[in-house]
Every structure is written in C-alpha cells, then in structure tokens.
Amino acid sequence: MTLIAIIIFIATYTGVAFGRIPYLSLDRTGIALLGAIAMVVTKVLSTNQAFESIDAPTIILLFSLMIISAQFRLSGFYTEIASRISRLMNKPKRFLLVMMFTSAILSAILANDIICLAFTPVLLYSIIQTGLNPFPFLIGLAVSSNIGSAATIIGNPQNMLLGQIGNLSFRDFFVWCTPPSVISLFGSYLIISLIYQKSFNKKYPVKSNGQIQSLPAFNYHQTLKGIVVTVIVIILFFLKFPREISAVALAGVLLCSRKMHTRTIMGLIDWHLIILFCSLFIVIQGLEVTQLPSLLI
Numbered sequence: 001m002t003l004i005a006i007i008i009f010i011a012t013y014t015g016v017a018f019g020r021i022p023y024l025s026l027d028r029t030g031i032a033l034l035g036a037i038a039m040v041v042t043k044v045l046s047t048n049q050a051f052e053s054i055d056a057p058t059i060i061l062l063f064s065l066m067i068i069s070a071q072f073r074l075s076g077f078y079t080e081i082a083s084r085i086s087r088l089m090n091k092p093k094r095f096l097l098v099m100m101f102t103s104a105i106l107s108a109i110l111a112n113d114i115i116c117l118a119f120t121p122v123l124l125y126s127i128i129q130t131g132l133n134p135f136p137f138l139i140g141l142a143v144s145s146n147i148g149s150a151a152t153i154i155g156n157p158q159n160m161l162l163g164q165i166g167n168l169s170f171r172d173f174f175v176w177c178t179p180p181s182v183i184s185l186f187g188s189y190l191i192i193s194l195i196y197q198k199s200f201n202k203k204y205p206v207k208s209n210g211q212i213q214s215l216p217a218f219n220y221h222q223t224l225k226g227i228v229v230t231v232i233v234i235i236l237f238f239l240k241f242p243r244e245i246s247a248v249a250l251a252g253v254l255l256c257s258r259k260m261h262t263r264t265i266m267g268l269i270d271w272h273l274i275i276l277f278c279s280l281f282i283v284i285q286g287l288e289v290t291q292l293p294s295l296l297i
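Numbering-wise (the numbering used here), the sequence shown opens with residue 1 and increments by one.
Source of the hints: derived by calculation from the structure; they are not laboratory data. All figures in this text were calculated on a predicted structure; none of them were measured in a lab. Idealized CB from N, CA, C, for every residue including glycine. There could be a bad hint or two in this list.
[Unchecked claim] The following label-pair restraints were derived from C-beta to C-beta distances:
1. V253 to W176: 26 to 32 Å
2. I195 to T120: 29 to 35 Å
3. I21 to L162: 24 to 30 Å
4. R258 to V175: 38 to 44 Å
5. T14 to P134: 18 to 24 Å
6. P180 to N201: 28 to 34 Å
7. K91 to V40: 55 to 61 Å
Given these sequences and hints, build the entire structure.
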C-alpha cells in the first residue's frame, strides 16, 4: 500500500505541476481528481477517510468568499471601477499607477483571479480605443493583483489554505505581509514604467470589434449590499470568530436577494478550484497514512 500511495502521490503532483497529461484532455483539476479516486479505488484510503481528509473550514471559507465576489461581479462593481480608472488614459503613467494600486487593494480583499477577469475587458477596450500599447498595462494588472492578494489571508486560495490549516491570525498575517506587498507593488510599478517608458507615448493601432460584450450594468444598491457585507466580514476576521462561520453566514445574507437569482450566483463559483482543493486534500492524506512524511521529517 505504501508503494501504491507514493506512486499515486508523485504521479498526481507531477501532473498538477505540468498541468496536462500527453494525449489526454485533462487539466489540473482532472488530474488531481483522478489521483483522489485512485487513492480510494486502490484502498489506500476508505471512503470515510477520504471525506474526513477534506478540510471543511477551508472549503467553506473559499466557497463563501466566492459568493461575495460574485455579488460584486453581478452588480457591475468591477466594471464601474475599471471604467473610472480608464478616464486617466490620457496620462498613461498615472493610469498605470492608479490601476495597479486599485487592483492590488481589491485583490487583497477579493479573489485576485476575479479582479483580472473583470478588469481586463474594460481596460483593454479603453486601451485599444486610445491606441496605447496594451502590454505594460496588462502586465501591471496581472502583477499587481498577485502582489495585492499576498497581503491578506483571503487574497487568494493558497493563503486561505495556509491560514485555515495553520490557524494563522488574520491581523498578524496582514501586519507581516502587507509591508513587503506594498514595497513589491512600488517596485513593480517602477520596473514596468522604466521598461516601457518609450512606448507610453506611441500609438499602437489594433483592430477591435468596437464593443464590450456581456458586462453587467452598475447597480448601486447591490454594490452597496456587497460592500457592507465585505466590511462586516473583515471586521469579524480581525476578531476571534471562526472565519468560515462568519463568511458563510454573511454569504447566506447575499443569497437572500430579489434581484440576483441563486442559480446565477452559483454559476460564478469556481467549482473547478473547489474540486481541485478537495482532491489534493485526499491525495495528501493518502500519503500521510503511510507515515512516510513523519519518517522523513
């Protein structure tokens, strides 16, 4: 059993690292799920052991924050912020600075991948219309969202996982991780500005279809609802309340809506990421029952 568990673990993590298996249309989630299934089918883990290995608080927290992020996305909040930032397009360096700091701040509170996904269409449309080189701004968006997400426990799924399993304090994590994130953000802005300094004033004509599709209109009341819930969640995170309980309770409040259908909100949940996390929990537990990790430490 030990050898089987080791083989499954190595094969799974190798596949997840490379992101694909030759000749198969499997992504990281599919590979991790197959690894979890293999641990149960080969009887390295029983069905009960597999379910018990999933860290429920982490999954609940991740799911709850995805609901909050979906609220902002459906209310048009992200689109509105991106549109307002785009008004600075006539001053490219200032636009880059404001865009990077806004992206970083939002990514520290909400999911960084959602920020990139929501900002990119609006920013790219405005950049193309102005004729600017899109590369420095898209690079700035990607870099700043990742840097900002590193500042808090809820900034990205990896932080949530570490915070929940390690029982890390939200306040301590914020105090220790925010300063290097701010320094990195300034450094990234300066590097991008220097590398693309000559291209800020050049025109780069790019073909465009002239419209942005499928972007929700801004709804003030739904946005305000999301902001109030987010502020309460963050306050509770700084206190001693269990993070997953605070988040899921307030996510439930957002589901009680007369405007946003539950199916629509659930459609924006990243189920692939949740399945990936659950599968990796099972694969790791399969290795742990062999007691190999404790022998190596």
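Structure-based check of all given hints:
no., hint, in the structure
1, V253 to W176: 26 to 32 Å, "holds, 31 Å"
2, I195 to T120: 29 to 35 Å, "violated, 20 Å"
3, I21 to L162: 24 to 30 Å, "holds, 28 Å"
4, R258 to V175: 38 to 44 Å, "holds, 40 Å"
5, T14 to P134: 18 to 24 Å, "violated, 35 Å"
6, P180 to N201: 28 to 34 Å, "holds, 33 Å"
7, K91 to V40: 55 to 61 Å, "holds, 58 Å"
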